[in-house]
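2 protein chains.
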Amino acid sequence: MPTIKCDNYNVHINDDWNNFGEFIGSREYSKIGVLVDENTKLHCLPKFLAGVKELEYVLIEITSGEQQKNLETCQHIWNTMLDNGFDRHSLLINLGGGVIGDMGGFCACTFMRGMDFIQVPTTLLSQVDASVGGKLGIDFQDYKNLIGVIQNPIMVWIDDHFLETLESRQIRSGYAEIIKHALIQDAEMWEEIKEITNLENIEWGPIIERSVKIKRDVVVQDQREGGLRKILNFGHTLGHAIESENLHQPDFLLHGEAIGIGMITEAYISKELLDLCEEEYIDIKNYILSIYPHYPNHLVNEKNILEKLLKDKKNRRGLVNFSLLKKLGECTFDVKPNESTIIKSLEDYKTL
Amino acid sequence: MPTIKCDNYNVHINDDWNNFGEFIGSREYSKIGVLVDENTKLHCLPKFLAGVKELEYVLIEITSGEQQKNLETCQHIWNTMLDNGFDRHSLLINLGGGVIGDMGGFCACTFMRGMDFIQVPTTLLSQVDASVGGKLGIDFQDYKNLIGVIQNPIMVWIDDHFLETLESRQIRSGYAEIIKHALIQDAEMWEEIKEITNLENIEWGPIIERSVKIKRDVVVQDQREGGLRKILNFGHTLGHAIESENLHQPDFLLHGEAIGIGMITEAYISKELLDLCEEEYIDIKNYILSIYPHYPNHLVNEKNILEKLLKDKKNRRGLVNFSLLKKLGECTFDVKPNESTIIKSLEDYKTL
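Protein chains in written order, with our numbering: chain A, 1 to 352; chain B, 1 to 352.
It should be emphasised that the hints constitute simulated quantities derived from the structure, not laboratory data.
Among the hints, erroneous ones may be present.
Heads up, simulated DSBU-like pairs for lysine-lysine below, C-alpha to C-alpha not over 30 Å straight-line [what the hints assert, rightly or not]: (1) A/LYS47 with A/LYS285; (2) A/LYS336 with A/LYS303; (3) A/LYS303 with A/LYS326; (4) A/LYS326 with A/LYS344; (5) A/LYS311 with A/LYS344; (6) A/LYS41 with A/LYS5; (7) B/LYS311 with A/LYS31; (8) A/LYS336 with B/LYS31; (9) B/LYS350 with B/LYS326; (10) A/LYS41 with A/LYS31; (11) A/LYS326 with A/LYS5; (12) A/LYS31 with B/LYS47; (13) B/LYS47 with B/LYS308; (14) B/LYS336 with A/LYS31; (15) A/LYS308 with B/LYS31; (16) B/LYS31 with A/LYS144; (17) A/LYS31 with B/LYS5; (18) A/LYS41 with A/LYS53; (19) A/LYS41 with A/LYS144; (20) A/LYS311 with A/LYS327; (21) B/LYS47 with A/LYS144; (22) B/LYS53 with B/LYS41; (23) B/LYS326 with B/LYS5; (24) A/LYS144 with A/LYS350; (25) A/LYS311 with B/LYS213; (26) A/LYS31 with B/LYS308; (27) A/LYS53 with A/LYS144; (28) A/LYS213 with A/LYS194; (29) B/LYS31 with A/LYS303.
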């Protein structure tokens with residue numbers, strides 16, 4: 001089974017669960033915590049415990065949802081670890097999606113100035129994206145991941161069987177990062193995934209592996225996002241702003257749904273400012289719209305979306321930095337479109 | 001003027017302030033914040049601004065005191081940075097004692113997953129201790145520094161003129177770490193500082209330099225406290241427990257005052273369990289008692305102090321780890337005295 005080496009830890013994909021048990025067994029942890037939400041407790045914990053037999057652990061439970069990814073929930077996690085006698089030689093296993101991984105990792109890194117943690121991502125999104133690169137954190141004052149650190153886990157354990165209990169909308173959301181990885185780095189993979197017209201009954205293991213390797217190759221060169229790593233933000237500049245603008249609406253978008261819009265609009269800007277040609281733009285747009293619905297209503301408040309752009313962490317001195325496609329499979333960063341080009345890209349999306 | 005190299009940054013001691021201005025001027029920060037409390041705003045900020053001329057900065061003010069070193073104050077700092085358009089290319093300058101440095105550093109490291117910070121320690125304690133080693137954090141649920149990270153600043157700037165406005169009790173508190181550095185690593189320095197019988201009118205620069213170098217030499221070998229760094233905890237195992245037990249009393253102890261008790265009691269345990277001889281113990285005890293008052297009343301609640309010991313971050317599997325002296329100028333770590341020896345050390349102190 002494939003093991004992908006990232007800096008000082010490994011990402012295991014569909015590996016033998018006995019190896020998981022051996023890995024932690026050899027390390028003599030003083031305490032082991034398993035962080036879950038009500039969904040992963042129900043759907044993933046039984047499978048996890050069947051894999052890692054005879055584990056003595058403390059269950060730490062939080063409520064699911066991006067709305068819980070805040071300091072209050074961190075305090076619950078820290079308190080639970082404190083009450084159960086955790087120390088800096090303890091381990092936290094984060095069993096869940098991006099919220100669990102990002103927040104659990106942040107809590108582990110900051111508890112007594114840092115204890116070990118393992119990521120066991122259980123959604124497609126977190127398996128292909130959040131599991132690699134060490135970005136951890138929580139939301140603050142409506143800004144996503146405003147408070148956090150960059151630090152690697154000691155292991156990432158991906159099992160695509162966890163995806164079996166996911167709703168199809170969640171699968172579709174995670175798939176956006178797979179599309180992105182192909183678009184920014186691997187034109188051949190792009191041609192291959194375009195053949196996928198239906199996300200059911202897919203054998204995810206090999207696709208996850210390819211996607212994780214792309215991200216790993218980028219991140220090992222530039223973990224702190226001084227340069228190259230910024231290409232991973234393709235689709236995320238407008239995507240994040242649109243996601244954030246609609247976060248509290250009843251018809252809010254999942255992360256990958258917003259990134260789908262972000263990839264179309266940022267491909268449009270790429271066409272306007274860089275060498276991406278019209279046909280490539282149409283190719284991208286058509287494929288994404290064959291997988292995701294069209295969401296024109298989520299772009300109504302253009303002014304708010306533009307304001308959110310300016311508050312993005314990726315900015316420098318008030319200019320909005322975009323990562324844009326030079327062609328299929330090649331991405332560049334630190335491009336600063338003017339406001340009218342950004343507005344045109346949103347208008348274009350709305351009239352598709 | 002001496003510049004001490006620590007890993008990837010320098011500690012400047014009594015350096016020309018023009019060098020400070022040049023250092024930050026060359027880095028094109030999007031925003032610069034200066035974190036102060038009401039005391040350093042009054043006593044240190046004017047001197048700082050006279051040194052770093054024409055600085056455009058945002059003043060971030062917090063209330064002084066260990067009681068403020070918590071998540072609520074962090075939120076105030078993060079909010080102020082957010083409201084003023086700080087981003088990950090901004091700089092935070094922490095102008096103050098240990099609370100300002102530890103908390104400001106933690107806030108900077110976690111804001112947008114990390115921005116630069118400079119430590120400008122203004123108390124003797126923070127100049128000789130907190131300025132080197134990268135330990136950052138806040139208190140949580142009555143436990144000191146329970147939440148935090150280890151990360152280095154981009155520069156430490158020590159100016160002993162800041163000490164002129166300090167109360168003598170604060171100077172005495174910081175001096176405890178100087179005594180500790182001599183006791184654990186430098187017998188010659190111990191003989192020299194024993195000549196100091198009055199802490200007024202001291203030329204602090206050279207003493208700070210020597211003390212910082214000792215700490216630097218330890219920390220560069222073991223930043224994450226896997227082994228050697230633990231020797232810096234001499235006096236701090238019982239010292240922290242005693243400080244913490246009396247934190248909410250009207251006659252609470254300053255950090256160094258508690259560490260003074262910790263060094264006497266842990267020297268007693270060193271004598272009982274290791275090769276430290278009776279004369280050396282008496283030498284340590286007499287010198288510390290010539291500088292600090294005798295505080296028997298602060299050791300009355302022995303049971304609480306023992307309980308606090310067990311919750312110390314330094315522990316592993318419920319055993320209390322002490323760093324103890326083998327002789328003057330030499331320290332070892334991971335010694336686990338039994339409870340009766342610990343109690344004897346407290347009883348001995350009370351009857352001095």
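Quiz item: For which of the previously enumerated hints does the structure constitute a violation, in increasing order of number?
Solution: The structure breaks hints 1, 12, 13, 17, 21, 25 and 27; every other hint is satisfied.
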